[in-house]
Amino acid sequence: GIQVEQSPPDLILQEGANSTLRCNFSDSVNNLQWFHQNPWGQLINLFYIPSGTKQNGRLSATTVATERYSLLYISSSQTTDSGVYFCAVDITGNQFYFGTGTSLTVIP
Amino acid sequence: KAGVTQTPRYLIKTRGQQVTLSCSPISGHRSVSWYQQTPGQGLQFLFEYFSETQRNKGNFPGRFSGRQFSNSRSEMNVSTLELGDSALYLCASSFVGGIYEQYFGPGTRLTVT
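Protein chains in written order, with our numbering: chain U, 790 to 897; chain H, 308 to 420.
No lab work stands behind these hints: they were computed from the structure.
All C-beta atoms in this analysis are idealised placements derived from N, C-alpha and C, irrespective of residue type, glycine included.
Incorrect hints may have been included.
Partial list, derived from the structure: chain H residues whose beta carbon lies under 7 Å from chain U [to be verified]:
id, residue
1, 348
2, 349
3, 352
4, 355
5, 407
6, 408
7, 411
8, 413
9, 414
10, 417
Please construct the entire structure, taking both the sequences and the accompanying hints into account.
Here is the structure:
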C-alpha cells in the first residue's frame, strides 16, 4: 500500500511560536486530509486538501501533489493546539491511509 | 447537522467473547468506514461500506466483520476476541458523489482482558 510519512514525530513549542508539519506520501493521491486528534481520541477535521493551499484562522495547509507532500502551518500556537496531528491520504476513492502522526505539545 | 455517533463509547470484554460496535453516520452520508487505532500499529483501515455493500477491506483477519443497513447505519463485529484487539475503534462517514471528505465519530474504546 501507499506509504505516508509525517515529520517531525514530536514537537514542543512555546505558546505563540509557529510551526510546520510535513506529510510525504509515496504515490499519487485522490484525496488528502489533515486531522487533529484531541486527548479524548476524537479526530477533528482541519483541512480537505488534495492540492493547493487553504487557510482557516491560524492554520493553513499546502499540498503539492506533483511532488507528493503536504504541509500544515500553525501560527501563534496556543495550548489548545496540543495533541496529535495526522495526515491521511486516499488513492482508491474509499480507503484512507494514515501517517504515524506528529505529537505537538504547546507549553505556556 | 448531528455528527457521527458511535455506541458504546467504552467497552470491556474478556478473551474469547464477541463484540458489536455501532456507528450512525451524518445524515445524508452513505459511506461508512471503520478504523482501528492502537499505539503500536497506529490508525489502520478495517473496511468501508456503501449502499449496504462492502467496497473495500483492509488487512485484518476474518474475525472482523461488518455490515451496513438501509439507513446507512453500520455495525462492526469482532468474534473470538484477543488481547491484541484492545484498541480505539473509529468510524467515519462521507458523502459519496463529490468530495470524499471523511468525518469521524468519537470512537469506541475496547479493552479485552
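Taking the hints in turn, this is what the structure says about them:
1. Of the supplied interface hints, the one on residue 348/H is violated, with its beta-carbon coming no nearer than about 10 Å to a beta-carbon of chain U, more than 7 Å.
2. At a threshold of 7 Å, the smallest CB-CB gap from residue 349/H to chain U is about 5 Å, leaving the interface hint in force.
3. Annotation: interface hint on residue 352/H holds; nearest CB of chain U at approximately 5 Å, less than 7 Å.
4. At a threshold of 7 Å, the smallest CB-CB gap from residue 355/H to chain U is about 5 Å, leaving the interface hint in force.
5. Satisfaction of the interface hint for residue 407/H is found here, the shortest Cβ-Cβ separation to chain U being roughly 5 Å, below the 7 Å cut-off.
6. Checking residue 408/H against chain U: minimum C-beta separation of about 4 Å stays under 7 Å; hint holds.
7. Given hint, residue 411/H at the interface with chain U, holds; its Cβ is 4 Å from that chain's nearest Cβ, closer than 7 Å.
8. Interface restraint check for residue 413/H: the shortest CB-CB distance to chain U comes to about 5 Å, inside 7 Å, so the restraint holds.
9. Residue-level restraint check for residue 414/H holds (minimum Cβ-Cβ distance to chain U is 5 Å; threshold 7 Å).
10. Hint status for residue 417/H relative to chain U: violated, with the closest Cβ pair at about 12 Å, above 7 Å.
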